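A.B. asks: Take a look at the letters that make up each chain.
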Amino acid sequence: MTTLTIPDGMPQYSEEPRLDVARIRQDFPILSREVNGHPLVYLDSANTSQKPQSVIDAISEHYAMHNANVARSVHTLGTESTEAYEGARATVARFINAPRPEEVVFTKNATEAINLVAHSLASRLGPGDEIVISEMEHHSNIVPWQLLCERTGATLRWFGLTESGRLDESNVEELINERTKLVSIVHTSNVLGTINATARITERVREVGALLMLDCSQTVPHRGFDVVDYDVDFIAFTGHKMLGPTGIGVLWGRYELLADMPPFQGGGSMIETVRMTGTTYAAPPARFEAGTPPIAQAVGLGAAVDYLEAIGMDAIAWHEKELTAYALDALDTVKGLRIAGPKVPVGRGATISFSLDGIHPHDVGQVLDSLGVQVRVGHHCAKPVCERYGVPALTRASFYLYTTTEEVDALVRGLEQVKRMFG
Amino acid sequence: MQIDQLYQEIILDHYKHPHGRGLREPYSAEVHHVNPTCGDEITLRVAVDGEKVTDISFAGQGCSISQASASVLHELLTGRTVGDALAAHASFTELMQGKGQIEPDEEILGDGIAFAGVAKYPARVKCALLAWMALKDALVRSVEVSDGNKG
Numbered sequence: 001m002t003t004l005t006i007p008d009g010m011p012q013y014s015e016e017p018r019l020d021v022a023r024i025r026q027d028f029p030i031l032s033r034e035v036n037g038h039p040l041v042y043l044d045s046a047n048t049s050q051k052p053q054s055v056i057d058a059i060s061e062h063y064a065m066h067n068a069n070v071a072r073s074v075h076t077l078g079t080e081s082t083e084a085y086e087g088a089r090a091t092v093a094r095f096i097n098a099p100r101p102e103e104v105v106f107t108k109n110a111t112e113a114i115n116l117v118a119h120s121l122a123s124r125l126g127p128g129d130e131i132v133i134s135e136m137e138h139h140s141n142i143v144p145w146q147l148l149c150e151r152t153g154a155t156l157r158w159f160g161l162t163e164s165g166r167l168d169e170s171n172v173e174e175l176i177n178e179r180t181k182l183v184s185i186v187h188t189s190n191v192l193g194t195i196n197a198t199a200r201i202t203e204r205v206r207e208v209g210a211l212l213m214l215d216c217s218q219t220v221p222h223r224g225f226d227v228v229d230y231d232v233d234f235i236a237f238t239g240h241k242m243l244g245p246t247g248i249g250v251l252w253g254r255y256e257l258l259a260d261m262p263p264f265q266g267g268g269s270m271i272e273t274v275r276m277t278g279t280t281y282a283a284p285p286a287r288f289e290a291g292t293p294p295i296a297q298a299v300g301l302g303a304a305v306d307y308l309e310a311i312g313m314d315a316i317a318w319h320e321k322e323l324t325a326y327a328l329d330a331l332d333t334v335k336g337l338r339i340a341g342p343k344v345p346v347g348r349g350a351t352i353s354f355s356l357d358g359i360h361p362h363d364v365g366q367v368l369d370s371l372g373v374q375v376r377v378g379h380h381c382a383k384p385v386c387e388r389y390g391v392p393a394l395t396r397a398s399f400y401l402y403t404t405t406e407e408v409d410a411l412v413r414g415l416e417q418v419k420r421m422f423g
Numbered sequence: 001m002q003i004d005q006l007y008q009e010i011i012l013d014h015y016k017h018p019h020g021r022g023l024r025e026p027y028s029a030e031v032h033h034v035n036p037t038c039g040d041e042i043t044l045r046v047a048v049d050g051e052k053v054t055d056i057s058f059a060g061q062g063c064s065i066s067q068a069s070a071s072v073l074h075e076l077l078t079g080r081t082v083g084d085a086l087a088a089h090a091s092f093t094e095l096m097q098g099k100g101q102i103e104p105d106e107e108i109l110g111d112g113i114a115f116a117g118v119a120k121y122p123a124r125v126k127c128a129l130l131a132w133m134a135l136k137d138a139l140v141r142s143v144e145v146s147d148g149n150k151g
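Chains A and B supply the protein sequences, listed in that same order.
Using our numbering, the first residue of the first sequence is number 1, and each one after it goes up by one.
Using our numbering, the first residue of the second sequence is number 1, and each one after it goes up by one.
I should point out that these hints are in silico values taken from the structure, not numbers from a laboratory.
Please note that a few of the clues may not be correct.
Straight-line C-alpha distance at most 20 Å; calculated EDC-like pairs for lysine to aspartate or glutamate [stated by the list, open to error]: (1) K383/A with D55/B; (2) K16/B with E416/A; (3) K419/A with E9/B; (4) K419/A with D4/B; (5) K99/B with E75/B; (6) K181/A with E130/A; (7) K16/B with D357/A; (8) K181/A with E163/A; (9) K419/A with D13/B.
Part of the chain B face toward chain A, derived, beta carbon under 7 Å [as the list claims (entries may be wrong)]: (10) I3; (11) Y27; (12) H33; (13) N35; (14) C38; (15) G39.
Source: prediction; values computed, not measured.
We put the CB at the ideal spot given by N, CA and C, even for glycine.
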């Protein structure tokens, strides 16, 4: 396993926290398997991350030893299960520096978290009101707002993008105005890798008295995110992209906002009292968690956060930054390859999408797979981004704490093979 | 699984040098089909004269499998009867859904037999089928149009 070395005479960044990628890889059983006769090169972590043994064990141990439903039983197992579930909530709250654990609502995924906010805000919206998103959004941060606007008569508006793959904030003053009720923007783009600077948007949102939501699905797994520091009202993210299991996502919202919102779905666990003539609702977060929640998944997510914290989010962010710098240089050597998104490792995450002259991403992905290299191809659930840059589809390589420079090399070798085949 | 089982020489040939590409007049019906999971699309026209398919023309964007498939279909079925085209459609669909267990019939499918390997890649079956589904749709519509004219 080689490590990156910075040439003598250059800044050595010795004060930056580091991680031992070889040791980390040993914690992920799947990384030692082969695919199509080659060592697995997993470059699809923006799609879903792999899971360390500690997360797999936590879920298994929960089912083996503590399984019971939560928040309704007086028996011992029910108490253990409830403590584990609420413990995971507290862990997640601490991880994003939420002032109160009750501000963390467990959902099915980030998509459901966004839909929850869109649904619960409906009663406050009408014709003349505006919602602002951007052209950079995942479909999950477009469609719920389109549906909301159809239901309420509100208008959907959006930030455009610059040629270099960043939010075009030149019209922020006009776009966010006194008619704006909510701005919902992706924090780190799942296609371009761009990390959006939010300061100007936040300032304008506060000026006009709107609400700010950030889709942090591609941020929270990769770098420390502090909801107080960012001065946001809601964030959404998902467990399976941050070493946790599928089936659990998170909505974080300011408590006073959540407390003022009507329920999303009705059912068990979300009520205060139910009579045939009417129902009153529980306080947040229970109000938004109708039915039996994803209990084992919450336990798994808690274990994932523990794992990330033990490695250190600053070390993970630095590792990914170095890797991204390496990959941007390496991909630059492939003739005919065009990167969509920032071409410098500044203000961007470790997700790199590109097109290869005249070769469809499906074919790129298929040949790479035959070499064990797993990348995502297609429109990445963000068709407007592809349209903006004039491509029907893209190939995307995305990295995480367990990704190595050798894997980047394998990608580049694979791309040369693709070109030999289709060129 | 060897990658060249999927990317047979015939497929790569049709992809690099497609036959019948470009939309042409006259035509009896035009359809537009999209593969929503990957964004591949095709616009396909058929010209039908009585029982005879006199032209199949198409335009679109997509991977080698989807584009080669349209080229093969043009070459195989232009000048044949509507019945032949529907029979080839049924045979090709069966081949694609056969998980690699079906022996293709060259008499019916011509160069289409090169797609036998695609059936072993479930994620790519829909790419191969895109043009064929569009063809069936277009044929059905052209028959409706001509029935409507008679009525």
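A.B. asks: Hint by hint, note whether the structure agrees.
C.D. replies: Each hint tested on the structure:
| no. | hint | in the structure |
| --- | --- | --- |
| 1 | K383/A with D55/B | 33 Å, violated |
| 2 | K16/B with E416/A | 18 Å, holds |
| 3 | K419/A with E9/B | 15 Å, holds |
| 4 | K419/A with D4/B | 14 Å, holds |
| 5 | K99/B with E75/B | 25 Å, violated |
| 6 | K181/A with E130/A | 6 Å, holds |
| 7 | K16/B with D357/A | 13 Å, holds |
| 8 | K181/A with E163/A | 28 Å, violated |
| 9 | K419/A with D13/B | 15 Å, holds |
| 10 | I3 | 4 Å, holds |
| 11 | Y27 | 24 Å, violated |
| 12 | H33 | 14 Å, violated |
| 13 | N35 | 10 Å, violated |
| 14 | C38 | 5 Å, holds |
| 15 | G39 | 5 Å, holds |
Checked against the numbered hints above, the structure breaks hints 1, 5, 8, 11, 12, 13 and satisfies the rest.
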